[in-house]
Amino acid sequence: MGFSRDLTPSNPNKRQGSLAHLHIDLPLLLGILALCVFGLGILYSASGGDLGQIYRQLIRFGLAFFVMVIVAQINPYTLQRWAPWIYGLGVLLLIGVLLFGDIGKGAQRWLNLGVFKFQPSEMVKLAVPLMIAWYLAKQPLPPKLKPIALTFILIAIPVGLIAKQPDLGTSLLVGSAGIFALFLAGISWRFIITFFGLAAAAAPAVWINMHNYQKQRVLTFLDPEKDPLGAGYHIIQSKISIGSGGLFGKGWFNGTQSQLDFLPERHTDFIFAVLSEEFGLVGVLLLLSLYLFVILRGLYIASQAQETFGRLLAGSLILVFFVYLFVNTGMVSGLLPVVGVPLPLVSYGGTSLVTLMAGFGILMSIHTHRKLLPR
Amino acid sequence: MRISNHYQEQRQFFSRAVIAAGIVFITLCVIAGRLYQLQVVEHSHFKTLSQDNRLKLEPIPPVRGLIYDRKGRLLANNRPAFNLEIIPEQVPNLDQTIDQLSKLITLSERDIDRFDSLRKRSRRFESLPIRVNLSDEDAAKFSVESHRFPGVGVRAHLLREYPYGDISAHVLGYVGRISLKDIEKLDEANYSGTTHVGKIGLERSYEDTLHGTVGNQQVEVNSVGRIARIVKQEAPVNGQDIHLHLDIDLQKIAIDSLGEFNGAVIAMDVIDGGILAMASNPSFDPNLFVEGISTKEYSALQQDENRPLYDRALKGVYPPGSTVKPFVGLAGLETGSIHYHDNIYCPGHFKLPNHSHKYRDWKKTGHGAMDLKGAITQSCDVYYYKLASDMGVDSLSKYLEQFGFGEKTGIDLIGEASGILPSRDWKRAARNQPWYAGETVIMGIGQGYFLTSPLQLATATAAFANKGDRLTPRLVKNMTDAKNNSELTVDAEHHPVSISNKRNWTEVHYAMVNVTEGKRGTAKRIRTPLYRIAGKTGTAQVFSVKQNEEYDEEKIAKKFRDHALFVAYAPADAPQIAVAVIVENGGHGGSTAAPIARKLMDAYLLPKLGMSLNQSTKIPAGFILGEE
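Residue numbers (the working numbering), protein chains in the order written: chain A, 1 to 375; chain B, 376 to 1003.
Note that these hints are calculated values from the structure, not bench results. Among the hints, erroneous ones may be present.
What the hints assert, rightly or not - Heads up, simulated DSS-like pairs for lysine-lysine below, C-alpha to C-alpha not over 30 Å straight-line:
1. B/LYS842 / A/LYS164
2. B/LYS446 / B/LYS690
3. A/LYS164 / B/LYS560
4. B/LYS495 / B/LYS560
5. B/LYS773 / B/LYS446
6. B/LYS627 / B/LYS607
Said to hold, decoys possible - Derived coverage of chain B by chain A (criterion: at least 3 residues anywhere in the stretch with Cβ under 8 Å from a Cβ of chain A; other residues may be distant):
7. 407-417
8. 881-890
Unchecked claim - Which chain A residues stay away from chain B? Per the calculated CB distances, all over 12 Å, these:
9. LEU22
10. CYS36
11. LEU40
12. PHE61
13. GLY96
14. GLY160
15. GLY186
16. ALA201
17. ALA202
18. ASN209
19. GLY246
20. TRP252
21. LEU296
22. THR308
23. LEU335
24. PRO337
Every residue, glycine too, gets a C-beta built ideally from N, C-alpha and C.
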């Protein structure tokens, strides 16, 4: 899929399509649109045929596409100049959330700006890759020990602040964005192996020093099925939904698990289980292929970028998109512990949608502004 | 740019991107493999589970805690109520059924609209209310005809009820249906079976205590989702009952005696800081809000110019007027600005040195030579103009701060006003202006920027009565935990006011007793032979009279008339109750506000002193000489 060994960019003038002057990348756009349409179809069934929900989601899509197009117009050079400021503002807002934030559903994530509410952790999902790409682009690559250490600090600050809200899912996404940028920057394998080795070695020591109730918490976190009426209920019902779907599924609107209300959060975090139940393995593989296409196109865009900043930024953004997909599908199919991460572009809800599309906007901008960059 | 490295960097990146693509591909294969395992290998197992999936978890909402007054009378109750509910799936023809139902029982357009919107959000086998709060008569009418309506039934549930209605409305607040805005703030799991949540007042402030913890039951359902059997049950933890310091009798007296006037009355237990009465007039019927108030009723309440929804006792702020004089007097004595024997001559007005502006006394002819006692008894303004001016705004403000002026009292109720205690810093911060000497002068008689809430006035008066021990006012006395029957007591916090010389306090105290007992006391009409009252009258200007004009009550429309204020505590020798009264546009504090305080004190103290209410003497009406 679209990987070229030819590292010199093709002549930009030849690429002048009808969408090029809008800075839109057609293959990426088509992939995203296909996912959205697929998602709306599942959502329609998951909501029990509620057109109101579909309209609301369509409005969110409209808004998110608008944001994507706007962001795509911004020159990557401008983004690079803004990067440290956006990062600084994001960290300040996160501190603001901890100090003055609204408490919704037991966690403190929102900043009430009077007219509307704002979730700074969403902004940070973009700010961290921007910052890390900006910082690493100024270093000789592959990065040495000192820049690596500094990068870790730059990642740890927002991740720590988000984890404190507490919002485990988002801190995971933000943290992985930074790590991916480091990985793509060519950090040595020796370091990667040492890092994981140290983490593995430290684990038993941490475990021994934990309180009993903390250990208990970790155990239920790792094995939710020990708590069949609490957190485990989600996973048990979700697995039944997926498994009973079989090869071809029970058919649209015919999933008993979702239609009879056994499956919780069926239109948000667990929408993947609805798809699996009603469209079976075939439907799921089709969806996963669409995701794979979008991710590979994103990686292609990253590898075609002319500047280190653009490469690292595009690469880490598209890999975060992949983390969304992996964590959500892994959770719903019972491979990973329950972490609140939506299925990107498909789950009902608008907050992460806008951030995701802004990210795609950045990818498109990096790809379509290449001709403006002097060699 | 490091051109030499550029090509190498790009190659490095490309190899890493390929590795990343590989990892993505492998991970997705793992996911696909997992799905293959679930959907193909273990398909028959899960298919059986799904067909047998008859076990469902349902929430059982806890019963909301009740609210009692200090004598154990029920102020907030849960009353069984009947809803007419429809299970859409079981009804052959919904429109026809609703049509026929409406011939039997009145269904408003609003009922039907609400039902339709509920129906869109719910599953077809869920039971949805079409009429809430059926009367017994309607419920009986329906049960006779129920065989004609398959899928329609009467379902009982608990509905919040406030038996004392408007008398307790502002203090208790009310519960209402959970709105989208509420959901954001609530723990969704714990509220999964709950329909109502505290919106304002105690119902909101003590929401966590009153609500309790949700329980759940595992039920067996048939293939279309209806409950066949309860398998396992975890009982909910019901909300805790709340017992208040409030005495609903006093509350009623307060509301009744305000009558046609807008205003607020607070009575506080001097010894433990408990709120005995907290009334704001006019009030409203909180029961209207429980099952959803109609737009018409709501806009009528909203647009009423007397603002019945506004809690004046907690949120209203007024210039304290002369009621602040005992506090200013004590400040003067404690800071050494004046001695209680010192006289100040009152010619009827006061001028700052080198200024021509006349600060006028309410008594045009002047009070003559005044000491502290006389100046409180007769409420001489000039004495306090001079005292405040001598003391200076800094020491005055600093001392008054100890009585809690200008800050929230910390009562266990959300939304109280903090008022304004003017100071140099406050003016700099709020107005970005310097402080002027003339502003200190009028601060001495509680005018100018000075604003207090009725609750602050009552708290400060109780603190004075308590010889400088300021207590945080408390509505809730204790909470009973239904599970282990233990009582959780809520203790008041202490904030001591510094009084270095007891004699200073005693002098001000005697002066306040003289306000009701003295021949020239401004509240002597409320004097009673049964016990002694210490008090202070006040009037707060609503609009200012020009230098050459005179305030003439007759000529001024009611809404521009002065507010009448009165603060008091009794019995003077061993204070038990402190009262603050504000009657909006009531004119003189002595004639409209003070009698209300007397009524409350009679009702609270006489039974405690072993006397009956019949022994209480009549309060003379009309204008009495010596009144401010």
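Against the structure, the hints:
no. : hint                : in the structure
1   : B/LYS842 / A/LYS164 : violated, 46 Å
2   : B/LYS446 / B/LYS690 : holds, 27 Å
3   : A/LYS164 / B/LYS560 : holds, 18 Å
4   : B/LYS495 / B/LYS560 : holds, 24 Å
5   : B/LYS773 / B/LYS446 : violated, 40 Å
6   : B/LYS627 / B/LYS607 : violated, 48 Å
7   : 407-417             : holds (count 8)
8   : 881-890             : violated (count 0)
9   : LEU22               : holds, 26 Å
10  : CYS36               : holds, 20 Å
11  : LEU40               : holds, 18 Å
12  : PHE61               : holds, 21 Å
13  : GLY96               : holds, 18 Å
14  : GLY160              : holds, 25 Å
15  : GLY186              : violated, 4 Å
16  : ALA201              : holds, 23 Å
17  : ALA202              : holds, 24 Å
18  : ASN209              : holds, 31 Å
19  : GLY246              : violated, 5 Å
20  : TRP252              : holds, 17 Å
21  : LEU296              : violated, 6 Å
22  : THR308              : violated, 6 Å
23  : LEU335              : violated, 6 Å
24  : PRO337              : holds, 15 Å
Checked against the numbered hints above, the structure breaks hints 1, 5, 6, 8, 15, 19, 21, 22, 23 and satisfies the rest.
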